[in-house]
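Chemist: Taken in order, these protein sequences are the chains called V and U. Taking numbering that gives the first Met the number 0, I'd label the letters of the first sequence as residues 0 to 220. Taking numbering that gives the first Met the number 0, I'd label the letters of the second sequence as residues 0 to 213.
No lab work stands behind these hints: they were computed from the structure. Please note: incorrect hints may appear among the correct ones.
Unchecked claim - In the DMTMM-like style, the derived pairs of lysine to aspartate or glutamate whose C-alpha atoms are separated by at most 25 Å in a straight line are:
no.	chain 1	residue 1	chain 2	residue 2
1	V	K216	U	E13
2	U	K52	V	E122
3	U	K52	V	D76
4	V	K216	U	E158
5	U	K151	V	E122
6	U	K52	V	E42
7	V	K216	V	E90
Unchecked claim - Derived contacts from chain U toward chain V, CB cut-off under 8 Å, selection only:
no.	residue
8	F50
9	L51
10	D85
Bear in mind the structure is a predicted one, so any value in this text is a computation, not a measurement. Heads up, the beta-carbon is just placed ideally off N, CA and C, and yes, glycines get one too.
Here is how the chains run, residue by residue.
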Amino acid sequence: MNRFFSLVRRDVSLAFRQGSASTMVVMFFVLTVTLFPLGVGPEANILQRISSGVLWVAAMLASMLSLDRLFQADFEDGSLDLLTLGSLPLEVTVLAKCLAHWLTTGLPLIIIAPVLGVLLHLEPSGFVTLMITMLLGTPTLSLIGAIGAALTVGVRRGGVLLSLLVIPLYIPVLIFGVGAIDAAIGGLTERPHLLVLGAMLLGSVALCPWAAAAALKLNLE
Amino acid sequence: MSFSGHNLTCIRGERVVFRDLGFSVEPGNALLLRGPNGSGKSTLLRLAAGFLKPEQGHLTYTHSDGSEDRDVETFREHIHYVGHLDPVKPAFTVFENLEFWSGFEGNPDPKSGAEEALDRMALTHIADVPGRYLSAGQRRRLNIARIAAAKKPVWLLDEPSVSLDDASVALLAKLIADHRAEGGMVIAATHIDLGFESSETLVLAPAQMPEYAL
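Given the sequences, and given the hints that come with them, work out the whole structure.
Modeler: Encoded structure:
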């Protein structure tokens, strides 16, 4: 357990030192979202209609932006070899790296999302649900992304390939994330959507580390 | 306590790297791997560390209580591996790099373990320098300090002296000698003299006509 947290602490403090990953993700999120009022026009009712979808799609792309470095930095300098050599099972190592990735990219997105919601005239009744869906959804994105990152770890400029692998798997999260916000705005109950999002999170906590660890083992051979 | 391999056959990309290879190291002993480039020294070390799976044969680790362990996944944690790459994070200082590995590799007191290891590899004066400013030789010394910062019985060293100066090679030789004196085991592939007196040598055949597996 100590090693798990020392790995999380290392990754988080590395991300803070380098600073670029979190800032880049947040800036990307902000900039893509601001493009929409400029592109579709400032009409409040149109923006209101598309706000939940825009926020989720932009958040998804932003969190994908830093995925290619998830294992690659450690792969390139030989750290990944040694991380697998320790007594920590590789699956747990993957989980630790996902947690660190979420803390440095997912969490900043959740904090900035309501501000951008204001920009897009998101209905006031949707804000709380937006936060909850992001809280449930972004860790799932990090976990699913870890599979793609593990598969492409040995590939030069694997970022594009990574997106192609990961985007299809992100679709369910997007559908239920947006569905919950729209239900809340429309006065319906958002509970079923949130339950599905929660189920997807639990499912990916259970399955993704195994899949990613298997992919990493293949790449380390 | 001992570490051995039996009838190891390794196939990489349909080419047989070596066939029916065996080795054995006892506590306090060192095994020196010799052979020309491409003869499979690195492959053997990566196989011994469990990064590669042998096509045939198995590794056996005998614990200090005499029990034999044939599953590399369970005894890997007793192995230190120094490969071609130096796991040094550019954003961390020398000390922070070492402190992380010291703790992660099982030293209950990572701080003092790291300080001691820095001292042993003569890195104390650059303890606060970020990894990105290190020279190749300093990075290599930091990597070697890493294996001194947490105790493990088996050391697998793949050309550990690359880019080290004479003084650092002497420090490395001293480190290896002390490890052996404490009952540690060393398997090393190296072309220079690291003071491996009374050690056994395993000569790997040069890669001749590729022998295809299929």
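Chemist: List in ascending order the numbers of the hints, as given earlier, that are violated by the structure.
Modeler: Failing hints, ascending: 2, 5, 6.
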